[in-house]
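Visitor: First to last, the protein sequences are chains A and B.
Position 60 of the first sequence, counted from 1, bears residue number 67 in my numbering, the numbering being contiguous throughout.
Position 642 of the second sequence, counted from 1, bears residue number 750 in my numbering, the numbering being contiguous throughout.
For the record, the hints were derived by calculation from the structure and aren't laboratory data.
Heads up, some of the hints might be wrong.
Stated by the list, open to error - In silico BS3-like pairs for lysine-lysine, Cα to Cα no more than 30 Å straight-line:
| hint | chain 1 | residue 1 | chain 2 | residue 2 |
| --- | --- | --- | --- | --- |
| 1 | A | 118 | B | 165 |
| 2 | B | 394 | B | 626 |
| 3 | B | 165 | A | 47 |
| 4 | B | 938 | B | 924 |
| 5 | B | 115 | A | 99 |
| 6 | B | 912 | B | 929 |
Remember, predicted model here, so these are calculated numbers, not experimental data.
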Amino acid sequence: MSEILELNHQIETTAVSENLFFACYTDDVPQNGGACVKYKDTQIAIFNFTRRGEWYATQNLCPHKQQMALSRGMIGSTGHDCEPKVACPFHKKTFSLKSGDCLSGDDYSIKIYPVLIEEGKVYIRID
Amino acid sequence: MSAKQKKNIIIIGNGMVGYKFCEKIIAKSDDFNLIVFGEEPRRAYDRVHLSEYFNGKTAEDLSMSPANWYQENHITLHLADPILEINRQNKTVHSQKGILQPYDYLVLATGSSAFVPNIPGVEKEGVFVYRTIEDLELMKNYALKAKKGAVMGGGLLGLEAAKALLDLGIAETHVIEFAPRLMPRQIDSAGSKLLQNKLQELGLQIHLNKSTSEIVGNGKIEALAFNDDTQLELDMLVISAGIRPRDELAKLAGLEVGTRGGILVNEKLQTSDPNIFAIGECALYKDMIYGLVAPGYEMAEVVAANICQQEKYFYGFDMSTKLKLIGVDVASFGDAFVTEPEGRTIVFEDTHKGIYKRINITNDGKYLLGGILIGDADAYNILLQTVNNKIVLPPNPEDLILGSRGGETDGGAGVMSLPDDALICSCEAVTKGMICSAVSDGTASSIDDIKKCTKAGTGCGGCVPLVKDLITGTMQENGVYIKNVICEHFDYSRQELLDLIKINKIKDYDTALDHFGKGDGCEVCKPAIANILAGIWNDLILKQDTIQDSNDRFLANIQKGGTYSVVPRIPGGEITPEKLIVIGQVAKKYNLYTKITGGQRIDLFGAHLSDLPAIWEELIDAGFESGHAYGKSLRTVKSCVGSTWCRFGLQDSVSFAIEVEDRYKGLRSPHKLKGGVSGCIRECAEAQSKDFGIIATEKGYNLYVCGNGGSKPQHALLLAADIDKETCIKYLDRFLMFYVRTADPLTRTATWLNKMEGGITYLKNVIINDSLGIAEELEAAMHYHVDTYKCEWKAAIENPEMRKRFAHFVNAPEEKDPTVKFAPMREQIKAEAW
Ligand code: SRM
Ligand SMILES: Cc1cc2nc3c(=O)[nH]c(=O)nc-3n(C[C@H](O)[C@H](O)[C@H](O)COP(=O)(O)OP(=O)(O)OC[C@H]3O[C@@H](n4cnc5c(N)ncnc54)[C@H](O)[C@@H]3O)c2cc1C
Ligand code: SF4
Ligand code: FES
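Start from the sequences, fold in the hints, and give me the full structure.
Guide: In structure tokens form, the structure reads like this:
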């Protein structure tokens, strides 16, 4: 988490960054759940982890069977350090929302994007 | 010891066994310099799971170690640099790239190569072998333009290669076997016949007793010609006719090799030169090449131990195997082929289900010698243990393959009776003793812990069920109370949580987590609690959409490709022509595939997420309701036509089915629920295969409960006979509510009853005699459910906030998911394959 917060912090301090993409409003994303946004030809899943007051964004594509579905997955946490995660709705493979690593023992990983929230708007940083 | 004094061990071959040797020796000692030469361009990878390369695994995924493993462990690795010569006088090796390296010990782990028989035309384009990632890459490219393929060889590897051809999209795939049966080394002809049927069902064409005379074609393969003067047209061929140990280097160095190949070794795996060892598939021990990975790992262990001055010997290895071939379990263990007079054989065959089991026992019936399992190999581990540990057989040895039929199961007791030195994980040589002591001393309490501390279960994974039983068994023996908790976030069973939630009047997930749980929840406890909440309060589930399971979240079943299915309720299977027309119109308008389901209703497949509300709006306008095909709740109550039309009908089964379906629709339960009502004992509604079944009698109805179709079908048991309608509904109310209250998550009624102490007698007592004094409360709870039922789809489409959630893109709600693709199928569409 700390890296993402740091990145978020960077985004804030750089003020105007051309890599920031206005994705949607905060209330477009259900509490403790996800929604999908379209950025050019890319689908990005955004998660509103209300319980922890955190936001995450990842690719929407599940690497297991190439399904555009992660935004429809359930989020939660695992382990002693409460690693935040999302479970794909298809076969319940889980992925860390922090590192993008697959937590169900496969060697997949998903791309993660830093998120910035400002005045009720959700921004995503695209590299 | 300084680096200079360290002795050099050179390992030739960076395959699975060569790699394992490095792992073993560094675990034992750091007194050696390890230098590895590999001919292949990449680090050792998991050849056993090579085929997964076609299912999307990359070479890196298959790698045995992380990229920096060799460096971190100070192992020098030369890749793409085969050793060309061994100079035994000077104790040096010479590599292709010109490296001259002295050794103190030399380990040959050169493996084997595919054996290619000497048939005219093998050099033609389109002919492949199946051994390395490079082979697979070549096949993959060639398969793009191929339509017909074949594998020469119906052994274990050949069938695996055939599966690969199917995966590559070659619809017409043949298997050509010279012998009269498949997998001739592992299974007998009855087993082969059954396997053959199964494989044919899956689209493979099997040819036995076929010997190939020529590979025909102009430059590239066009057909195979056989000795019986027939021909088979082909675009590509994979040869899998056996393996050839790679002993060429050893031969050149003057080491002794076998007449049919293989480097001769003794029980220390020493070759004829005591400083040179051979392990894995290149080694020939007592006339035997061990073509499996587990014996190779054992050899690696023995050499590593001997070099470190420990005494360890290789005395041959059990060649038992269990694998899943194209989805069919195949296992052979111990001596699979013993016949009279050496032993006796018990065979069980069910051609209907595609199961074949054979066990061979000693003439006195005391010991198990070996056997074959096809179609259902669940018993493999325990049978193998029974052979290897010479466990005395029970008085009815057939129970081993039939399961004991007295209703009593032995649970975990079978595993706990194994001796401590019973080898549980043969890939990693982990014994029962090692696993149990890890559990007893507190190092491990889960399968993941065991994997970490003993490596058991990390190889082929076949022993995992056995390891789990051992963990539970040991904990029980140590008096640890194994609590049936739902997940890491809640230290309670479903039943305990249900009571807590009810007593404390908890209405939402977060409050439950704050009060009784920890962490942030997960995909196990969220839907479980969602289900409990729905079962008690019967509130709209979409009020808490993000804790619902995949299908409940959008009130539809998610399908391949990300579309959803729509199943309106059609109680009892009765539908008017008007309603049928509406279904047809809706399907046409939204381009949905329609099918009559096995539950007497109609499923409309392939709906875009964003179309769901509009589709349901039209259906609801026409008088339909949600069919809850997505929920853990009542599905259908199947009916036969009954006394209204049928000449045998004793009661009006359709009316009763509709009444019952309407009563329990929307009831959330630990798993889905199905019912059936038949008009007479001919049982056309298959009521006895349902969670509850009603069969009309002369005097009234017989009520059956806890039946199940699915993978382990079970007939329902009689709860009450000749009762009237009212009593029937009263018992059903109690029965269903009792199930909702007490079953574990995702447990169907049949499994719930199987686990219930006292079984059906106990259940009868609770439901009919009210032995727990809760009947009234159960009935009240059911009345509450019936009174508060609402069609959740109706509620969803009427609520703009909820409706909004059915968009694929929140920032472009009008756009559909562009990745959704359909393919034509007969006159309709289907989801594209993944
Ligand atoms: C549509 C249908 C097949 C068909 O074309 O006929 C069907 C389709 C599915 N079945 Fe079924 N089952 C269908 C009748 C059955 C039957 C036959 C019956 O109900 O008479 C059975 C065996 C009877 C039984 O349940 O005991 C059946 C046993 C299963 C099982 C195994 C349950 C078990 O206890 O082992 C599953 C898996 C599960 O629920 O975990 C399953 C799961 C599924 C799922 C929901 C798989 C999934 O999670 O995506 C399929 C959803 C398809 C979709 O997208 O809509 N389906 N399924 C049938 C729908 C009936 C209906 O109108 O609601
Ligand atoms: C498709 C497939 C499926 C299989 N499935 C199973 C299964 O389900 N269960 C099971 O137990 N086994 C299975 N096996 C067999 C298993 O993969 C082998 O038993 C195992 O890989 C043997 O390991 P090895 O190290 O002896 O040989 P290999 O893994 O073949 O490694 C030998 C290495 O040495 C290299 N080499 C050879 N000569 C030289 C040289 N002169 N200099 C340098 N390097 C050299 C080779 O290039 C190769 O990389 C399967 C094999 C295949 C091909
Ligand atoms: S169960 Fe009886 S009433 Fe129903 S269709 Fe069959 S024979 Fe007729
Ligand atoms: S598609 Fe995501 S887990 Fe299978």
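Visitor: The structure should be examined with respect to each hint, and the outcome stated for every one.
Guide: Checked hints:
1. Restraint check for residue 118/A and residue 165/B: the C-alpha separation of about 18 Å stays at or below 30 Å, so the hint holds.
2. Under the criterion of a C-alpha separation no larger than 30 Å, the hint pairing residue 394/B with residue 626/B is inconsistent with the structure, at around 59 Å.
3. For a cut-off of 30 Å, the pair hint linking residue 165/B to residue 47/A stands: about 28 Å separates their Cα positions.
4. Under the criterion of a C-alpha separation no larger than 30 Å, the hint pairing residue 938/B with residue 924/B is consistent with the structure, at around 17 Å.
5. Proposed proximity of residue 115/B and residue 99/A is contradicted: the alpha carbons are some 50 Å apart, above 30 Å.
6. Pair hint residue 912/B plus residue 929/B holds up; C-alpha atoms about 24 Å apart against a cutoff of 30 Å.
Violated hints, listed in ascending order, are 2 and 5; each of the other numbered hints is respected by the structure.
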